[in-house]
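K.L.:
Residues per chain, in single letters:
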Amino acid sequence: MIFLTYIPLGLLALLLWTLVRKSAYKAVPCFFAYTAFAVAADVTRFLVHNHRHPYYAAYWFTEAGYDLLGILVMYEVLRTVLGNLTRAWWARLIFPAVLVAGVGISLARADVVPSRLGGLLFYIVVGEIAVRFVQVFVFAGLVTLVPLLGLRWRQYPFGVATGFGLYATVMLLTTTKFSDFGTRFKFLWGVTSLVAYSLAVLIWIWFFSVPQKAETPSSELSAPSPGDLKQYKDALRRMR
Amino acid sequence: MFSIIFTWLIVAWGALSCIYMLRCAWSRFPKRDVDVDDVIPFLYPVDISLAESLLDPATEFEFRWKLGPPQFREAQRKRMRLFLELTRRMAHNSKVLVEYADSEKNRQDPRRAGLASTLQEKAIEVRLYSLLTGIKLRFWLLLRTDIWNAKPVLAHLRTAGEIDGLQTYSALKVAAAAAFMQLPPDELDSLTRNL
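Those protein sequence lines, which keep their order, are chains A and B.
For the first sequence, the residue numbers in my numbering are 44 to 283.
For the second sequence, the residue numbers in my numbering are -9 to 185.
Hints listed in this document are in silico derivations from the structure and should not be mistaken for laboratory results.
Some hints could be false.
Interface residues of chain B toward chain A, partial, derived using beta-carbon atoms under 7 Å [unchecked claim]: (1) Ser(-7); (2) Trp3; (3) Tyr10; (4) Glu152.
The C-beta atom is built at its ideal place from N, Cα and C for all residues, glycine as well.
Working from the sequences, and respecting the hints, build out all of it.
P.N.:
What follows is the structure in structure tokens.
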């Protein structure tokens, strides 16, 4: 059973290799950092899984790291997508607004469903749920925006958002049900999170394996022929 | 209580998005090769000079000056509906061009792919402008903001999301002319007429 828990580690290693092979760290550096951190975190957890206290420390330390990097990745996704669409001043406010909404709902939820954890661990869990909210907001927002603007899905940031969106939706659903069913639901919760995370990693591997839409740098463009230019000028003249 | 309702709403939104993505993946992100024949007959003509006059503050001032308040309100609503129709057409045309540019980008010829990239960029800007302007216009028309004495000024719709609508649409037309340069003159004529 313990080895099944580390299936995502194998998949994450494959994802990291894919990212390196495709030089995707240039396009999505935060996501690359997240993947590298996830591999290192899972390896550390695996190495110390037989030692109670080191495992406890490693688990919570890496959970805090996941929170932080999860937020950075969502910032990267929004910055890339919105940066290509608009230069409006309010576009810069979207991410802080989403973040505030996520933290607000997570804190309100923590008030309704009290946690047994205290101190720093409580804030790590609140942060984790806030990150899940942010991930669902960003994913669902993009799914709404893409057909409206006629964008294409085959882009790295959309792939990143899809993987996180699927995982975060499943985790929010199971966490909410977990608070209803209590510890009886623990096994199912563990299995569901494992399957959802593995699916998310498979989605990332698929998105990063297929080539992104080719962007042609303008410096490589050949000059149009004089005939083409004349035709172009005629067309412009007719438009006016 | 509200936080739980919000949580469920967000989970539902996320789940619906996952189902949508699954449907897209099932149909392999439907993508048809759009060629020139799928563009020109599908475009709706946009009268830019009409749009210019609707967004002209001087024209609006003249209306306000000449008409009484109830007549001006009625005229303003008519002008809003007319501009909404123009933005709808702009959005439709840019959608057609985005699809065309998307299939053009797959070509081996780097020049055509580059022109298609520029065309797509401009078309997406126009769609964003049309979307933002459409929301604003529908809001004005729905809530009848004139009743509350907050008179909507059409000239303010020239830019939305820091995108100058008419300028961007003109840039889209230029980009389309460049991308369709290979067309025979009569077809290029139809394109310029329809856009």
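K.L.:
Could you work out which of the previously given hints the structure breaks and list their numbers from low to high?
P.N.:
none
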